[in-house]
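Participant: Letter by letter, the chains look like this.
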Amino acid sequence: MSKVTTMEEAIKRHVRDGDTVYIAGFTHLINFSAGHEMIRQRKRNLVLCRPTPDLVFDQMIAAGCARKVVFSWAGNPGVGSLRCFRRAVEHGIPNRIEIEEYTHFSMVARIYAGALNLPFMPLRTNICSDLPKVNRNIKFITCPFTGEKISVVPALKPDVSIVHAQRSDENGNAQIWGIIGDQREAAFAAEKVILSVEEIVEENVIRRDPNRTLIPDFIVDSVVEEPWAAHPSYVQGYYDRDNDFYLEWDKISREPELVEKYLEEWVYSVENRKEYVEKLGAGRVLKLLPKRFYSLPVDYGFYR
Amino acid sequence: MSKVTTMEEAIKRHVRDGDTVYIAGFTHLINFSAGHEMIRQRKRNLVLCRPTPDLVFDQMIAAGCARKVVFSWAGNPGVGSLRCFRRAVEHGIPNRIEIEEYTHFSMVARIYAGALNLPFMPLRTNICSDLPKVNRNIKFITCPFTGEKISVVPALKPDVSIVHAQRSDENGNAQIWGIIGDQREAAFAAEKVILSVEEIVEENVIRRDPNRTLIPDFIVDSVVEEPWAAHPSYVQGYYDRDNDFYLEWDKISREPELVEKYLEEWVYSVENRKEYVEKLGAGRVLKLLPKRFYSLPVDYGFYR
Amino acid sequence: MKYSRNELMVVAAARELKNGETVLVGVGLPNLACNLAKRIHAPNLTMIYESGVIGAEPSRLPLSIGDPCIVTNSKSVCSMFEVFSYYLQSHRVDVGFLGGAQIDKYGNINTTVIGSYAAPKIRLPGSGGACDIAHLAKRIIIITPHQKRRLVDKIDFLTSPGVLEREKLEVKGKGGIKVITSLGVLSFNEKHGELVLESIYPGVTVEEIKENTGWNLKISELLKVTPEPTTLELSTLRSLDPSKIYI
Amino acid sequence: MKYSRNELMVVAAARELKNGETVLVGVGLPNLACNLAKRIHAPNLTMIYESGVIGAEPSRLPLSIGDPCIVTNSKSVCSMFEVFSYYLQSHRVDVGFLGGAQIDKYGNINTTVIGSYAAPKIRLPGSGGACDIAHLAKRIIIITPHQKRRLVDKIDFLTSPGVLEREKLEVKGKGGIKVITSLGVLSFNEKHGELVLESIYPGVTVEEIKENTGWNLKISELLKVTPEPTTLELSTLRSLDPSKIYI
Chain A
0 MSKVTTMEEA IKRHVRDGDT VYIAGFTHLI NFSAGHEMIR QRKRNLVLCR PTPDLVFDQM
60 IAAGCARKVV FSWAGNPGVG SLRCFRRAVE HGIPNRIEIE EYTHFSMVAR IYAGALNLPF
120 MPLRTNICSD LPKVNRNIKF ITCPFTGEKI SVVPALKPDV SIVHAQRSDE NGNAQIWGII
180 GDQREAAFAA EKVILSVEEI VEENVIRRDP NRTLIPDFIV DSVVEEPWAA HPSYVQGYYD
240 RDNDFYLEWD KISREPELVE KYLEEWVYSV ENRKEYVEKL GAGRVLKLLP KRFYSLPVDY
300 GFYR
Chain B
0 MSKVTTMEEA IKRHVRDGDT VYIAGFTHLI NFSAGHEMIR QRKRNLVLCR PTPDLVFDQM
60 IAAGCARKVV FSWAGNPGVG SLRCFRRAVE HGIPNRIEIE EYTHFSMVAR IYAGALNLPF
120 MPLRTNICSD LPKVNRNIKF ITCPFTGEKI SVVPALKPDV SIVHAQRSDE NGNAQIWGII
180 GDQREAAFAA EKVILSVEEI VEENVIRRDP NRTLIPDFIV DSVVEEPWAA HPSYVQGYYD
240 RDNDFYLEWD KISREPELVE KYLEEWVYSV ENRKEYVEKL GAGRVLKLLP KRFYSLPVDY
300 GFYR
Chain C
0 MKYSRNELMV VAAARELKNG ETVLVGVGLP NLACNLAKRI HAPNLTMIYE SGVIGAEPSR
60 LPLSIGDPCI VTNSKSVCSM FEVFSYYLQS HRVDVGFLGG AQIDKYGNIN TTVIGSYAAP
120 KIRLPGSGGA CDIAHLAKRI IIITPHQKRR LVDKIDFLTS PGVLEREKLE VKGKGGIKVI
180 TSLGVLSFNE KHGELVLESI YPGVTVEEIK ENTGWNLKIS ELLKVTPEPT TLELSTLRSL
240 DPSKIYI
Chain D
0 MKYSRNELMV VAAARELKNG ETVLVGVGLP NLACNLAKRI HAPNLTMIYE SGVIGAEPSR
60 LPLSIGDPCI VTNSKSVCSM FEVFSYYLQS HRVDVGFLGG AQIDKYGNIN TTVIGSYAAP
120 KIRLPGSGGA CDIAHLAKRI IIITPHQKRR LVDKIDFLTS PGVLEREKLE VKGKGGIKVI
180 TSLGVLSFNE KHGELVLESI YPGVTVEEIK ENTGWNLKIS ELLKVTPEPT TLELSTLRSL
240 DPSKIYI
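Chains as they are written, first to last, in numbering that gives the first Met the number 0: chain A, 0 to 303; chain B, 0 to 303; chain C, 0 to 246; chain D, 0 to 246.
Hints in this document: simulated from the structure, not taken from any laboratory. In this text, a Cβ means the ideal position worked out from N, Cα and C, and glycines have one as well. Wrong hints could be hidden among the right ones.
With the Cβ distance kept under 8 Å, some of the chain B side facing chain C (calculated, not the full set) [said to hold, decoys possible]: (1) Asn125; (2) Thr141; (3) Pro143.
Just the calculated beta-carbon pair ranges, DEER-fashion [stated by the list, open to error]: (4) C:Lys137 with B:Gly146: 18 to 28 Å; (5) C:Tyr245 with D:Leu168: 50 to 60 Å; (6) A:Lys260 with D:Glu169: 47 to 57 Å; (7) B:Lys278 with A:Glu190: 49 to 59 Å; (8) B:Lys138 with C:Asp152: 52 to 62 Å.
Result set (SDA-like, lysine to any residue): computed pairs, CA atoms no more than 20 Å apart in a straight line [what the hints assert, rightly or not]: (9) A:Lys273 with A:Arg207; (10) D:Lys120 with A:Lys273; (11) C:Lys17 with A:Asn170; (12) B:Lys67 with C:Tyr116; (13) B:Lys132 with C:Lys17; (14) B:Lys11 with B:Val46; (15) A:Lys67 with D:Tyr116; (16) D:Lys190 with D:Glu207; (17) A:Lys156 with B:Cys142; (18) B:Lys191 with D:Glu20; (19) B:Lys2 with D:Pro42; (20) A:Lys156 with C:Glu169.
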């Protein structure tokens, strides 16, 4: 049975209200398409996890999907404040959300531990900070070899992880280049994995460069061919970050009415990502295309 | 000042008697050239570390370089017994050696912890085994989150690590494909790093595919352009494992006299790797070349 | 078609593998068993090597678990630490193959030393990944020649845990170990609390098996005769090892 | 050539970087400082981004620490966990850049919350990598506008440790923190046990600085006037940010 499906179907099948959902991507390959689909399907009471909530979680929080956010840096990257997140934390609008907060290293160590099926990861941070005072999940142990004090954080095992990659085959063997971020850990740590890709390619393309495959097929539950899934974030070699939108969101997100209007126009009234890209228009899309810049092939050798 | 030097010079400069030396490579990219150079320079009292001692340590043990071996599987891979190692362990020939023994996972977790500057790594093995009884470095702790018992092993931080890669630039930005093994961890864990490569390439070749670079220049101390450094092991895309030699060693290593003769002929009487390859002869060398099998280029995009 | 007992041993091992499973392959007989299963009834078997290769499709018979032929045309390659942690430790390996110099009635394995550890009679290669696999793979298949010196009452050193020890672990290994020998198949029996003879190769007698086992081997009430290799199984197996290196 | 205080702030930060060092770059002013240093006196500065990019040579001014322009033509890319563990945790980062909403006389930084944590007046973005960098980089450079509300007597929340806290850590941070403001440079003084004014920008008075500092700032006995930017520094800096986004 083929794993290839639509984003609508994948979200419907794998994401239940109340789930712990991890959308991977450090600035790069952020799956806005999946975020919008969860908003459209009015998913509720989600525990949303990523190091940087970014605009994707800001929008989901504004749409009332979240009951809790697990994160390490909640800002609009390169722009400023994450206003819907702040409104929820400071004023409970549209609903109160719980927060669970870490340093970047601690947050990625948690998802790493989840991926490796370790109950915890040790790491050399958190010792001189108030963060452990407000987050009981940040603990300290004594190294049994050196006697030194070291921080530990527990594994994070999402119910669903949503990752995006440049390409995969139909079974979900995914190749990623550029900033890897937390895509691989997110996939390995989760119960269910939704993978979307810019392009589905022949298995043969993947097998010609196995060292580039970060996610193997048998841990992937659904594969969605979803070009421009990451907009306004970006995909290395495919399109640039739409920085104008990040700036625009800074204005939109100041006013709940403007946010509502944005969600109505760009999420609820839009059927899927294809329609969203159509709505962006050719001019905006073309402006975001980089020039080609290819790697050189390497020789794996054929051995008889 | 250029880091590019000869293997002779690199070993002379970085390896002192008594050092803890790690030669990286799981079946692939094993640096026999460095091993032979240490034998030629009559290094003594070394603590030799690798998961699989393989023939390279078997030869170094026979030559009297080792006072201790840290390992997880001491065999002739795909062939059978590692006879010089056994002779030293069972009969103290040519000298008694101490052994410190782990499972594969524990051994690579140790060098991984060293690379990450962690004092220990937790891992889910060793619980039901006699190994912890004979190795005090395998300990158990209680997870502060789940209460479960989990094994821990201490970091391994070699004085010198010796790694081999397909290619690097003159500064030592190294790219590896095929079996990665422990090359990266070995480099990051060590005080000093000797990198040898099949080819030194222009920095530009490296920069066209940064995701392929596993070892960055600033952790490398010496760069040696040493084609066929891994023979009789192999280099993906460059040459095959010389299995005939692995079989031959099984015979040679049965008799100390034959080993002595081998070392005399192929190590002591040979000035460097170039002479060694010349001695192998064109026929043997050509037989080991694979057919070409190239990866496809990927597009990183040029962003303005 | 005539066949050897070693051939049936590989065929019996191949039959244990299910389509869609992930299997941590060893070199030699396990590699033959996996490739055979893949060609006969389990085309979607994912072969993983502890060297870090995932989804290998070797173009020739690999001579070691790090043979370059397993890399070319594979689905993914990762580091050695990664294959043990991302794959094995996270229970993403359904079946692990093991062998051993000594195996007892619980499937406990010794690959470390014959004699005492401090003053060994024979120093064996050691655990390698075996202890890790026995802790973390969901099922274990042990392939071994059926010899009294291998199937022993008491092993000299516990390298890798068997069924009873595995029960204490997260994987819950009860019944998760089968021993495929050159004479028959042993599997865990709840009632007896140990490995019992479950299936016997055509032409082999229970007496012959008992004589070649180092403990008083229990026989299953439902003892079967292992079905002979089919022509397809046999011809496929022989095509996999044309130079008869392993069979 | 005329210059702004912000321009001198970037130039002063650039001068702190030595050739051959590795620096964990932030977006904005730190990025400008690093690129300036690289072009003037530190051609072998290795720029590392917490997004996992090593040895970046950005073709344009990066708009975030994950901008695609820092990847293309870089030396190496790794995962986020790897950059924090292989590089930062293993003390392979010589210099880390930080900023903050509140900074005290020891270089302790708050980027988490103004007011109480449970009921915040202003919820700030949080630590991100800052707490980790403050624990693990060998030296810290803080770039900040010199304002009374930022340079405070008491921070509301300790996100990232300063000089005294760092002393307890493996990195031994004593003296390892400099604060480069829009008016001058503060550095740790052993005698006073806190950050003191070490250098003052041309045209700025000590009174102006004291008025804009939230504690009774001590002045170094060896107070210097920061040398003006050279023509080369200034023209290079301006070419790095032609649209004047940051300066």
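Participant: Does 18 to 28 Å hold as the CB distance between lysine 137 (chain C) and glycine 146 (chain B), or does it fail?
Facilitator: For glycine 146 (chain B) against lysine 137 (chain C), whose Cβ atoms are near 24 Å apart, the range 18 to 28 Å holds.
Participant: Would you say the C-beta atoms of tyrosine 245 (chain C) and leucine 168 (chain D) sit inside 50 to 60 Å of each other?
Facilitator: holds (56 Å)
Participant: Under the criterion that the straight-line Cα-Cα distance not exceed 20 Å, is the pair lysine 156 (chain A), glutamate 169 (chain C) satisfied?
Facilitator: Since the Cα atoms of lysine 156 (chain A) and glutamate 169 (chain C) sit roughly 17 Å apart, the hinted pair holds (cutoff 20 Å).
Participant: Identify whether the interface hint at proline 143 (chain B) stands, where standing means a beta carbon of chain C within less than 8 Å of its own.
Facilitator: The hint is violated - proline 143 (chain B) has no Cβ within 8 Å of chain C, the shortest such distance being about 18 Å.
Participant: Using the Cβ atoms, figure out if lysine 260 (chain A) sits within 47 to 57 Å of glutamate 169 (chain D).
Facilitator: Because 52 Å falls inside the window, the suggested range holds.
Participant: Given the hint that lysine 190 (chain D) pairs with glutamate 207 (chain D), does the C-alpha gap stay at or below 20 Å?
Facilitator: violated (24 Å)
Participant: Does threonine 141 (chain B) pass the interface hint, meaning its C-beta sits closer than 8 Å to a C-beta of chain C?
Facilitator: violated (15 Å)
Participant: So does lysine 278 (chain B) sit 49 to 59 Å from glutamate 190 (chain A), Cβ to Cβ?
Facilitator: holds (57 Å)
Participant: Could you grab the alpha-carbon distance between lysine 156 (chain A) and cysteine 142 (chain B) and see if it respects the 20 Å cut-off?
Facilitator: Holds. Lysine 156 (chain A) to cysteine 142 (chain B) sits at ~16 Å (cutoff 20 Å).
Participant: Can the restraint linking lysine 132 (chain B) and lysine 17 (chain C) be considered satisfied, given a maximum Cα separation of 20 Å?
Facilitator: violated (37 Å)
Participant: Holds or violated: are the alpha carbons of lysine 17 (chain C) and asparagine 170 (chain A) at most 20 Å from each other?
Facilitator: Roughly 18 Å between the alpha carbons, so the hint for lysine 17 (chain C) and asparagine 170 (chain A) holds.
Participant: What's the verdict on lysine 2 (chain B) and proline 42 (chain D), does the C-alpha distance respect the 20 Å limit or exceed it?
Facilitator: Given that 20 Å is the threshold and the Cα spacing comes to 17 Å, the pair holds.
Hint check: violations occur at hints 2, 3, 8, 9, 10, 13, 16; the rest are consistent with the structure.
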